[in-house]
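Take 25 as the starting number for the sequence shown in our numbering and just add one per residue.
By construction, these hints were calculated from the structure, which means they are not laboratory data. Note that the structure is predicted; figures quoted are calculated from it, not measured. Every residue gets a Cβ at the ideal spot worked out from N, C-alpha and C, and that includes glycine. Don't take every hint at face value.
[What the hints assert, rightly or not] Pair by pair, the computed Cβ-Cβ distance ranges are: (1) T34 <-> S77: 11 to 21 Å; (2) R32 <-> C68: 12 to 22 Å; (3) C68 <-> K26: 19 to 29 Å; (4) H65 <-> G88: 30 to 40 Å; (5) S89 <-> G64: 26 to 36 Å; (6) H65 <-> M25: 29 to 39 Å; (7) M25 <-> A61: 28 to 38 Å; (8) S89 <-> A61: 27 to 37 Å; (9) D39 <-> L85: 14 to 24 Å.
[Said to hold, decoys possible] The calculated lysine to aspartate or glutamate pairs, modelled on EDC-like cross-linking and capped at a C-alpha distance of 16 Å, are: (10) K79 <-> E46; (11) K79 <-> D41; (12) K79 <-> E56; (13) K79 <-> E47.
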Amino acid sequence: MKVLVATRRTQGRRDNDFNFCEEGELLIYGSECDAEAVDGHCGCRRALVGMTSGKATTTFLVQGSSALGFAGESCLY
Numbered sequence: 025m026k027v028l029v030a031t032r033r034t035q036g037r038r039d040n041d042f043n044f045c046e047e048g049e050l051l052i053y054g055s056e057c058d059a060e061a062v063d064g065h066c067g068c069r070r071a072l073v074g075m076t077s078g079k080a081t082t083t084f085l086v087q088g089s090s091a092l093g094f095a096g097e098s099c100l101y
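Kindly produce the complete structure, drawing on both the sequences and the hints.
Structural data, given as structure tokens:
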């Protein structure tokens with residue numbers, strides 16, 4: 025299974041990038057402003073939220089779950 029995790033590797037490619045998550049934190053989709061542009065000042069239209077911290081990031085990557093140490097196991101979060 026593939027999962028989305030926070031990363032700082034690509035921070036700064038866009039002027040309004042931000043990352044308040046821990047490196048490698050599992051991410052989920054959060055809420056977004058209805059009228060927000062994709063590159064708006066809020067950033068919520070392109071941010072994901074950390075499952076542990078509850079904080080947001082605009083930079084993330086796709087990672088195989090086996091790299092996270094639970095391949096072949098049933099995990100509930």
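Hints, verified against the model:
| no. | hint | verdict |
| --- | --- | --- |
| 1 | T34 <-> S77: 11 to 21 Å | holds (19 Å) |
| 2 | R32 <-> C68: 12 to 22 Å | holds (19 Å) |
| 3 | C68 <-> K26: 19 to 29 Å | holds (23 Å) |
| 4 | H65 <-> G88: 30 to 40 Å | holds (34 Å) |
| 5 | S89 <-> G64: 26 to 36 Å | holds (32 Å) |
| 6 | H65 <-> M25: 29 to 39 Å | holds (34 Å) |
| 7 | M25 <-> A61: 28 to 38 Å | holds (32 Å) |
| 8 | S89 <-> A61: 27 to 37 Å | holds (33 Å) |
| 9 | D39 <-> L85: 14 to 24 Å | holds (20 Å) |
| 10 | K79 <-> E46 | holds (9 Å) |
| 11 | K79 <-> D41 | holds (14 Å) |
| 12 | K79 <-> E56 | holds (14 Å) |
| 13 | K79 <-> E47 | holds (12 Å) |
In this structure, none of the earlier numbered hints is contradicted; all agree with it.
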